[in-house]
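K.L.:
Quick note, the sequence shown lines up with residues 38 to 291 if you use the working numbering.
Some hints could be false.
Unchecked claim - Calculated lysine-lysine pairs in the DSBU-like style (CA-CA distance at most 30 Å, straight line):
no.: 1; residue 1: K93; residue 2: K134
no.: 2; residue 1: K93; residue 2: K168
no.: 3; residue 1: K168; residue 2: K245
no.: 4; residue 1: K168; residue 2: K153
As the list claims (entries may be wrong) - Here are the computed distance ranges between Cβ atoms for each label pair:
no.: 5; residue 1: G214; residue 2: S146; range: 30 to 36 Å
no.: 6; residue 1: H137; residue 2: M167; range: 20 to 26 Å
no.: 7; residue 1: G214; residue 2: S258; range: 31 to 37 Å
no.: 8; residue 1: R160; residue 2: I253; range: 36 to 42 Å
no.: 9; residue 1: R273; residue 2: P187; range: 33 to 39 Å
no.: 10; residue 1: A135; residue 2: I282; range: 14 to 20 Å
no.: 11; residue 1: F277; residue 2: A135; range: 30 to 36 Å
no.: 12; residue 1: R76; residue 2: I108; range: 16 to 22 Å
no.: 13; residue 1: E81; residue 2: G249; range: 32 to 38 Å
no.: 14; residue 1: I282; residue 2: H137; range: 19 to 25 Å
The hints are simulated quantities; they were obtained by calculation from the structure and are not laboratory data.
Backbone N, C-alpha and C define an ideal beta-carbon position, used for all residues, glycine too.
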Amino acid sequence: MSLANKVAVVTGASSGIGLAVTRAYLDSGAAGVIAVFRRAEMPEELERASRLYPGKLHVVRGDVAHEQTAIDYTHVALQNFGRLDILVSNAAVSIVKAIHLHSPEEWDSVMNSNVKSLYWSARHVIPVMMKQGGGLVLISGSISGEAGIPTQGAYAPSKGALHQMTRQMAIEYAPYGIRVNTVACGTVDTPIVHQSAKASGDPEGYWKMLRGAHPIGRIASAEEVAGFYTYMASDRATFFTGSVIMMDGGYTAQ
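Can you make the complete structure from the sequences, with help from the hints?
P.N.:
Rendered as structure tokens:
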């Protein structure tokens, strides 16, 4: 699948799905990728990608919960490549608690990082896509946005909000050639899941529960998810918009 001549922004690109998507997009011939993340150090895999694809990978360090980060990555895309074709809104935080146990600060942190970040993106990325006559917003959703799961606290409502924003934005911007889709994954082997397992107090039991909850009998790898994100960003998937696609090993079919 080719992403030739396409420029992408990928948030949460320092690990997990975001890192795998960044690398997959570069491997698929993207003209440029802007990798957005908070951590100060450059992941080794991105260092290698930068050497392998000189001039194609740019990094923006910032917190997606703040508008300035959206301003910055939009500017970097336009300054270096003159366009922005794909936004992968992937950055997220999770706190493993029941809703009533969240502090107000924790609730706001999850909602700002997971939901308001897409609003900031819309304010700055959508006008660029409208002007150039099209684009794709691809959102990382979750089974938690479709099904009730214990201890998902603010995370589940945040993903449910993203699923509805997918439909709203798809209808709003279809006349401008802009497509908006969500890939709602089941459990993926990423650092955020490892953190959740540790926070559960019973990591071994937590992993057993996760595997057993998916009819397919396992969880996903970040690389197989990234392969589907590449398809969704390619010209083979141009009839998808407003879709919340369950990539969940059968979880929500139960």
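K.L.:
If a hint holds in the structure, say so; if it doesn't, say that too.
P.N.:
Quick rundown of the hints versus the structure:
Restraint check: the Cα-Cα separation between K93 and K134 comes to about 40 Å, which exceeds 30 Å; the hinted pair is violated. Annotation: proposed proximity of K93 to K168 holds, straight-line Cα distance about 23 Å (limit 30 Å). Note on K168 and K245: the hinted pairing is violated, with a Cα-Cα distance of about 49 Å set against a maximum of 30 Å. Restraint check: the Cα-Cα separation between K168 and K153 comes to about 23 Å, which is no more than 30 Å; the hinted pair holds.
About 35 Å separates the C-beta atoms of G214 and S146, a value consistent with the hinted range of 30 to 36 Å. The supplied range of 20 to 26 Å is broken by H137 and M167, whose beta-carbon atoms lie about 42 Å from each other. Under the hint 31 to 37 Å, the C-beta atoms of G214 and S258, about 33 Å apart, fit the expected range. Hint check: R160 to I253, Cβ distance near 38 Å, so the stated range 36 to 42 Å holds.
Between R273 and P187 the CB atoms are about 38 Å apart, so this pair conforms to the stated range of 33 to 39 Å. Between A135 and I282, the C-beta spacing of about 28 Å breaks the proposed range 14 to 20 Å. A hinted range of 30 to 36 Å holds for the C-beta pair F277 and A135, which are about 35 Å apart. At roughly 20 Å, the beta carbons of R76 and I108 sit within the given window of 16 to 22 Å.
Checked against the given bound of 32 to 38 Å, the beta carbons of E81 and G249, roughly 33 Å apart, stay inside it. Separated by about 32 Å at the C-beta atoms, I282 and H137 break the suggested range of 19 to 25 Å.
Hints 1, 3, 6, 10 and 14 from the list above are not met by this structure, while the remaining hints are.
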